[in-house]
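Participant: As they're listed, the protein sequences go chains A and B. Numbering of the first sequence is given in the UniProt record's numbering, commencing with residue 1 and proceeding in unit increments. Numbering of the second sequence is given in the UniProt record's numbering, commencing with residue 1 and proceeding in unit increments.
The hints are simulated quantities; they were obtained by calculation from the structure and are not laboratory data. Positions of the beta carbon are idealized from the N, C-alpha and C atoms, including for glycine. Fair warning: there could be bad hints in the mix.
What the hints assert, rightly or not - Here are the simulated lysine-lysine pairs, DSS-like style, with alpha carbons at most 30 angstroms apart: (1) A:LYS208 / A:LYS111; (2) B:LYS84 / A:LYS17; (3) B:LYS376 / A:LYS17; (4) B:LYS376 / B:LYS158; (5) A:LYS17 / B:LYS158; (6) A:LYS208 / B:LYS195; (7) A:LYS17 / B:LYS85; (8) A:LYS181 / B:LYS6.
As the list claims (entries may be wrong) - Computed spacing ranges between beta-carbons, pair by pair: (9) B:ASN17 / A:ALA170: 56 to 62 angstroms; (10) B:ARG308 / A:ALA189: 56 to 62 angstroms; (11) B:PRO372 / A:ALA29: 47 to 53 angstroms; (12) A:ASN24 / B:ASN412: 50 to 56 angstroms; (13) B:ALA31 / A:ALA196: 57 to 63 angstroms; (14) B:GLN291 / A:ARG12: 27 to 33 angstroms; (15) B:GLU138 / A:ASN218: 37 to 43 angstroms; (16) A:ALA29 / B:TYR36: 53 to 59 angstroms; (17) A:ALA196 / B:PRO372: 41 to 47 angstroms; (18) A:ALA29 / B:GLU73: 51 to 57 angstroms; (19) B:GLY226 / A:SER173: 41 to 47 angstroms.
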Amino acid sequence: MQTFDLEANGLRALNEKLQAQAQNTNETAWSVVNPRGSHAIAVGLDAPIEVTVNGSTGYYCAGMNQQATVHVKGNVGPGAAENMMSGKVVVEGDASQYAGATGHGGLLVIKGNASSRCGISMKGIDIVVGGNVGHMSAFMAQAGHMVVCGDAGDALGDSIYEAKLFVRGAVKSLGADCVEKEMRTEHIAKLTELLAAAEIDADPNDFKRYGSARQLYNFNIDNAY
Amino acid sequence: MAKDDKTAPQTLPRYSNTFTPEVNAEIRRAAATGIYDIRGGGAKRKVPHFDDLVFLGASMSRYPLEGYREKCETSVTLGTRFAKKPIELKIPITIAGMSFGALSAQAKEALGRGATMAGTSTTTGDGGMTPEERGQSERLVYQYLPSRYGMNPVDLRKADAIEVVVGQGAKPGGGGMLLGQKISDRVAEMRTLPKGIDQRSACRHPDWTGPDDLEIKILELREITGWEKPIYVKVGAARPFFDTTLAVKAGADVVVIDGMQGGTAATQDVFIEHVGIPTLACIREAVAALQELNMHREVQLIVSGGIRSGADVAKALALGADAVSIGTAAMVAIGDNDPKWEDEYQALGSTAGAYDDWHEGKDPAGISTQDPELAKRLDPVEAGRRLNNYLKVMTLEAQTLARACGKNHVNNLEPEDLQALTVEAAAMAKVPLAGTTWIPGQGGM
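Whole structure, please, built from the sequences with the hints as guidance.
Facilitator: The following block contains the structure:
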C-alpha cells in the first residue's frame, strides 16, 4: 500500500503519480490521507489501481475516471465521478450536487444520500445510491442505470432519454416525459446485479422502474411549455 | 372619373417598411405551423460592423512600411498564462468550433486540412472529436460543451487546447437542437442517443453553476491534462466586460468572445436576430476588462462573429484582440451556398447565398448534412485547399493594412489607427468619428 499525504505533497503531485501508473503497475493500492475537502482528487486516472481517500473531498473527486477503483471514506463535494468512463467509485458518505454527471460508463456507488441533479445527463454510467436523491436527478439522462434505495426528489428523470431508473422509496414528482414502467424479468436481473456490485442489501422486488415515455424525442409544439 | 378607369394616374403599390414581404411571409408561416422558425447561420439584420471603421494610413505623422518588401509578422501565441504548451499559430485567424453532426465528416476534414496548411488551429464542436479531424488538424482545440456529447479524457488529452464553451454569439443563453434527420448511425453513437431523434444541447453546463465553480472545473481539466494545454473560455457577447473579468478570474488562458453575427447550426431565428450584441461592440469592453486586470496580452483575446476579410481581421486586432475566429466564412470558403448548386437551393425554397436551413440536413453543397450522397459532393482535399487560399488572402490583406499604418506586426495595430464612419460605430468601437476627435460618451470635439 502506497500512502500519499495530500496536505504535505499537494494535489499536482498526487494526480501526477496516480495518472502515471501503467496497466501492469505493481503499485496497485494507494491511500490518500489528509484530503481535507480538496478539489479534483484522483482525477483522470487510467489504470486498474485502487485508491482509498481517507476523508471528505471537494469538487470533482475521481472525475473522468477510467479503470480505477476510488473509495472515499467520507463525503464528496459536487461533481463526484463526473464523466466517468469505466471503473468504480464508492462513496461511504453523502454526495453533493451532480454526482456522476455525464458519466459514460463504470459504477458509482453512494452509500449515503445524493443531492440534486444526481446523474444529470448520464450517458451510460451506472449509479447506485443507498439513500435519497435530490431534485432533478437523471435530468436529460441518456443511457445507463440509476438505482435509488431511498426516495427521489422533484422532477425525477425530467426529459429523460434511454436511461433506466429504479427507485425503492417515494418519488416526489416525475419530470417531463418520465413515466413509471413495467418491471420485467430482465430489469430485476439487472437491478440484482447492480445491488450486488454496490454491496447494498436490498430486495429488487421492492423497486419501481421509471423511464422515458419517448414523447419528447421529436420536437412537437404541443409539448412546449 | 370612373373607378375602373385603367388609364387614370395611380400610386405604385408600396411595401411597408415594418410589414416587409419577409415579415409577412414569416407571419403566414407561423400561422400555418404554430412553430417558430429554426434555422442555421448567423444574424441577417444589418448591425454596426467593421465596415463602419476605416484605417488612418500613415502619411506625415506616421511612417508606412513598404508593401511586400518590409516584413509584417502575423504569428501569435495563445495560452501563455498557465499552459506548459501554448499554441503557436502562424496567422491570427483560427477556425471556430463546428460540430461533426452539424457538418459532414468531409467538411470537418476540409477545415482541418485548410487550417493546417495555413498554420492555424481548428476546433471541434458539439458531438466530440473524430479521428479524421484529429488526423488532419495539426492544432486542434477540443470544445468542452454543456451537452458533453462524446466527451472523454482520451480525446481531451489528444487536444492541443481545451475550449470551455459557455455560450456562442448566435444564442447567448441558449442551447441547440440538432434535428433527427441529421442523426445518422455514427452521429447517434458519438452522442449516445438513439438514431433519428432530435438532440437537445443544453444551454448550461450540467456540473457547474457559476464562475466560482468554473474555476474549480478548470482546475480539474488542468489536473486531468497535466497543466499542458491552454484553457479557453468562450462566451456569447452579451456582457463582455463582466464575462471577460469572470473568465480571467476563473483561470482562463484565453477568452473567446463571439459577437451576435456569429453562426449556429440550428436555433430559433428570434434568438439569432435578437439576442446578444454586435461583434464591434464587444471588443473594447473585453479589452478594458483585461487592461483593468493588467492581463491584456497575458490572457489572449479571440474575437469572432461575422469576420469576413483581412480588413475585419486587422480592425479586430487594432481594437485589441490577439486573434480572430471564423466559422460561417470558412463554410463559404469550402463551398457552402455556392451558386453552382443554385437549382437545388431553389428546389429547397431558397437561393444560393441565402440558404440557411442547415438543420434539415439537405445542404446541396454537402457541408451541413449527414446525407452520405450529398456529403460525397465535397472533396475535402480541394475544399481544404480553398480554405487555405482564403486564409492566405485574409492574412495578406491584414498585413497590407498593417504596413500602411506603419506596423511590422499585425498585432501592433492599435485603436489610434482607426476612425469611425458612423456615430454608432464610434461609440461601440470607442474610436473617434472620422474627421473629429469625438468619441461618443468620452468627450472630444
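Participant: All hints, please: hold or fail.
Facilitator: Hints and how they fare:
1. Of the supplied pair hints, the one linking LYS208 of chain A and LYS111 of chain A holds, its CA atoms being roughly 20 angstroms apart against a limit of 30 angstroms.
2. Distance check on the hinted pair: LYS84 of chain B and LYS17 of chain A sit about 18 angstroms apart at the alpha-carbon level, within 30 angstroms; holds.
3. At roughly 47 angstroms between alpha-carbon atoms, LYS376 of chain B and LYS17 of chain A are farther apart than 30 angstroms, so this suggested pair is violated.
4. For the proposed pair LYS376 of chain B and LYS158 of chain B, the alpha carbon gap of about 28 angstroms is at most 30 angstroms, so the pair holds.
5. For a cut-off of 30 angstroms, the pair hint linking LYS17 of chain A to LYS158 of chain B stands: about 20 angstroms separates their Cα positions.
6. A hinted pair counts as satisfied when its Cα atoms are at most 30 angstroms apart, and LYS208 of chain A with LYS195 of chain B qualifies at roughly 28 angstroms.
7. Distance check on the hinted pair: LYS17 of chain A and LYS85 of chain B sit about 20 angstroms apart at the alpha-carbon level, within 30 angstroms; holds.
8. Restraint check: the Cα-Cα separation between LYS181 of chain A and LYS6 of chain B comes to about 72 angstroms, which exceeds 30 angstroms; the hinted pair is violated.
9. At roughly 59 angstroms, the beta-carbon separation of ASN17 of chain B and ALA170 of chain A lies within the given 56 to 62 angstroms, and the hint holds.
10. Between ARG308 of chain B and ALA189 of chain A the C-beta distance comes to about 59 angstroms, which sits within the given range of 56 to 62 angstroms.
11. Between PRO372 of chain B and ALA29 of chain A the C-beta distance comes to about 50 angstroms, which sits within the given range of 47 to 53 angstroms.
12. The hinted range of 50 to 56 angstroms is satisfied by ASN24 of chain A and ASN412 of chain B, whose Cβ atoms lie roughly 54 angstroms apart.
13. Separation of ALA31 of chain B from ALA196 of chain A is about 58 angstroms and conforms to the stated range, judged on CB atoms against 57 to 63 angstroms.
14. Taking the beta carbon of each, GLN291 of chain B and ARG12 of chain A are about 31 angstroms apart, inside 27 to 33 angstroms as hinted.
15. As the Cβ distance of GLU138 of chain B to ASN218 of chain A is approximately 39 angstroms, the hint placing it in 37 to 43 angstroms holds.
16. As the Cβ distance of ALA29 of chain A to TYR36 of chain B is approximately 57 angstroms, the hint placing it in 53 to 59 angstroms holds.
17. Between ALA196 of chain A and PRO372 of chain B the Cβ separation comes to about 44 angstroms, which falls inside the hinted range of 41 to 47 angstroms.
18. The hinted range of 51 to 57 angstroms is satisfied by ALA29 of chain A and GLU73 of chain B, whose Cβ atoms lie roughly 54 angstroms apart.
19. The hinted window of 41 to 47 angstroms between GLY226 of chain B and SER173 of chain A holds, with their beta carbons roughly 44 angstroms apart.
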